[in-house]
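A.B. asks: Position in the sequence shown (first residue = 1) + 134 = our numbering.
A couple of the hints might just be wrong.
[What the hints assert, rightly or not] No farther apart than 30 Å at their CA atoms in a straight line, the calculated lysine-lysine pairs in the BS3-like style are these: (1) Lys281 - Lys270; (2) Lys270 - Lys258; (3) Lys171 - Lys258; (4) Lys281 - Lys263; (5) Lys270 - Lys171.
[Said to hold, decoys possible] Restraint-style ranges between C-beta atoms, simulated for each label pair: (6) Asp282 - Glu165: 31 to 39 Å; (7) Gly252 - Gln280: 30 to 38 Å; (8) Lys171 - Glu269: 19 to 27 Å; (9) Ile260 - Gln280: 24 to 32 Å; (10) Ala172 - Thr202: 35 to 43 Å; (11) Ser277 - Arg224: 18 to 26 Å; (12) Glu201 - Arg262: 14 to 22 Å; (13) Glu274 - Arg246: 17 to 25 Å; (14) Thr175 - Lys281: 20 to 28 Å; (15) Glu267 - Asp225: 20 to 28 Å.
Read the hints as simulated data drawn from the structure, not as lab findings. Each residue gets a CB set at the ideal place from its N, CA and C atoms; glycine is no exception.
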Amino acid sequence: MRKKTFAMVVSAAFGLASSALAAEGGGSAIELPEVCKAAATADKQMMTDMQHGATEAMKDMSGHMTETQKDLSQAMTRMDSAMMRGMTARDADLAFACSMLSHHQGAVDMARVELARGDNPEAKAIARKTIDEQEKSIGELRSWLQKDGRAEERH
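Based on the sequences and whatever the hints tell you, model everything.
C.D. replies: In structure tokens, the structure reads:
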């Protein structure tokens, strides 16, 4: 039971640290396509409120993180915010596509951190493969959203 609680606290702490770093200007947000924005049921204030409490509480933690941890955390924060907004679409197909678009972009951003900061050739090769695969998936999702994901025609 203690291990499970500890794991949850650590996970929450890293998530909260990510929010704090993003609030300090840790990169730009992932831009969702218009169809995702139109389908989202969460307003901007709701999304801000969901992340606000973590920002102040975790600012100190960023001072103990390596540059790599900060970069990865910033990539995750950008991903999480867009993913959360994407999943609020009422239509299941749109919620999936909009959330996964952000998820795949987050993987690309984290792989780029590995390429910039990592030393291991095998890990760098995996990062390059991740970028190639995820960018292909991003293209497929964007294509579907343009072709079949128009919110006004779905419900």
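A.B. asks: For every hint, state whether the structure bears it out.
C.D. replies: Verification of the supplied hints:
1. Taking the CA atoms of lysine 281 and lysine 270, the gap is near 17 Å; set against the 30 Å cutoff, the hint holds.
2. With a CA separation close to 18 Å, the supplied pair lysine 270 and lysine 258 stays within the 30 Å bound.
3. This hinted pair does not check out: lysine 171 and lysine 258 have alpha carbons roughly 34 Å apart, beyond 30 Å.
4. For the hint linking lysine 281 to lysine 263, the alpha-carbon distance of about 27 Å falls within 30 Å, and the restraint holds.
5. Between lysine 270 and lysine 171 the CA atoms are separated by roughly 22 Å; this keeps the pair inside 30 Å, and the hint holds.
6. Range check, aspartate 282 to glutamate 165: Cβ separation about 20 Å, and the 31 to 39 Å hint is violated.
7. Between glycine 252 and glutamine 280 the beta carbons are some 34 Å apart, a value that agrees with the proposed interval 30 to 38 Å.
8. Checked against the hint of 19 to 27 Å, the C-beta distance between lysine 171 and glutamate 269 comes to roughly 22 Å, which is consistent with it.
9. Taking the beta carbon of each, isoleucine 260 and glutamine 280 are about 30 Å apart, inside 24 to 32 Å as hinted.
10. The hinted range of 35 to 43 Å is satisfied by alanine 172 and threonine 202, whose Cβ atoms lie roughly 37 Å apart.
11. For serine 277 and arginine 224, the hinted distance range of 18 to 26 Å is satisfied, since their beta carbons lie about 22 Å from each other.
12. For glutamate 201 and arginine 262, the Cβ-Cβ distance of about 21 Å falls inside the hinted range of 14 to 22 Å, so the restraint holds.
13. For glutamate 274 paired with arginine 246, a C-beta distance near 20 Å keeps the hint of 17 to 25 Å intact.
14. The hinted range of 20 to 28 Å is satisfied by threonine 175 and lysine 281, whose Cβ atoms lie roughly 23 Å apart.
15. The beta-carbon spacing between glutamate 267 and aspartate 225, approximately 26 Å, falls within the hinted interval of 20 to 28 Å.
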